[in-house]
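Numbering of the sequence shown is given in my numbering, commencing with residue 2 and proceeding in unit increments.
Accuracy of the hints is not assured; some may be wrong.
Keeping only pairs whose Cα atoms sit at most 30 angstroms apart, straight-line, the calculated DSBU-like set for lysine-lysine is [what the hints assert, rightly or not]:
1) K130 <-> K145
2) K72 <-> K145
3) K16 <-> K145
4) K72 <-> K130
5) K130 <-> K16
6) K72 <-> K163
7) K152 <-> K130
8) K25 <-> K163
9) K152 <-> K163
10) K72 <-> K16
It is worth saying that the hints were derived from the structure and are not from the lab.
Please read these numbers as outputs of a predicted model, since none were measured by experiment.
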Amino acid sequence: MTGSERRADIVRQIKEARRPVPAKSLAELYHVSRQVIVQDVALIRASGYDIISTNRGYILTGPESVSRVFKVNHTDEQLGEELCAIVDLGGNVENVMVNHRVYGHMEAELHINSRRRVTEFLNDIERGKSSPLKNITSNYHYHKVTADSEKTLDMIEEELRKRGFLVEQKEDTGENNDET
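Given the sequences, and given the hints that come with them, work out the whole structure.
Here it is, written out as structure tokens:
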């Protein structure tokens, strides 16, 4: 089981529980340390879930929204197709990020949540206001996408994979295979 699969299952366990779920119980269930569970819960919270820690365990009060970071690669001509694929399934493209070998981590807010916003963004690019940030890293880039549920994010991930935009990453290797 990968870390992301474990975290998704932790959310399910806490959501379905009738009482608070202790970290110790989760650690035993997944054969990991209690500290791994604490770190997983921190990541789950960062993705939008409202998990409360009580002296008896974790309680999930429900997500307002959830998020996921997707690593993608495509041409300038496919930019609109990528963004529309995300917003058509209910996603909000919060930002674009690149990791450049010289300049380091760079990020720009986008907040694209409709085809109208996609069109406005593409028009701005065409008018020469700027060029896509992905161009400095051989088209490799990341998007933080928010949605109403993990199911929606799963559908977006599958659509990006189907269109050949998703860059598959090895779980927890620490590898940074971005291009310059």
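Hint check:
Proximity of K130 to K145 is assessed by CA-CA distance (about 23 angstroms); at most 30 angstroms being required, the pair is judged to hold. With a CA separation close to 9 angstroms, the supplied pair K72 and K145 stays within the 30 angstroms bound. Of the supplied pair hints, the one linking K16 and K145 holds, its CA atoms being roughly 24 angstroms apart against a limit of 30 angstroms. Taken as a hint, the K72 and K130 pair is honoured in the structure, with Cα atoms around 24 angstroms apart against an allowance of 30 angstroms.
With a C-alpha separation of about 46 angstroms, the suggested pair K130 and K16 falls outside the 30 angstroms cut-off, and the hint is violated. A distance of roughly 14 angstroms separates the Cα atoms of K72 and K163; the hinted pair therefore holds under the 30 angstroms criterion. Between the alpha carbons of K152 and K130 the distance comes to roughly 35 angstroms, so the proposed pair goes past 30 angstroms and is violated. As the CA atoms of K25 and K163 are separated by approximately 39 angstroms, the hinted pair breaks the 30 angstroms bound.
With a CA separation close to 16 angstroms, the supplied pair K152 and K163 stays within the 30 angstroms bound. For a cut-off of 30 angstroms, the pair hint linking K72 to K16 stands: about 28 angstroms separates their Cα positions.
In the structure shown, a violation is registered for the earlier hints numbered 5, 7 and 8, in ascending order.
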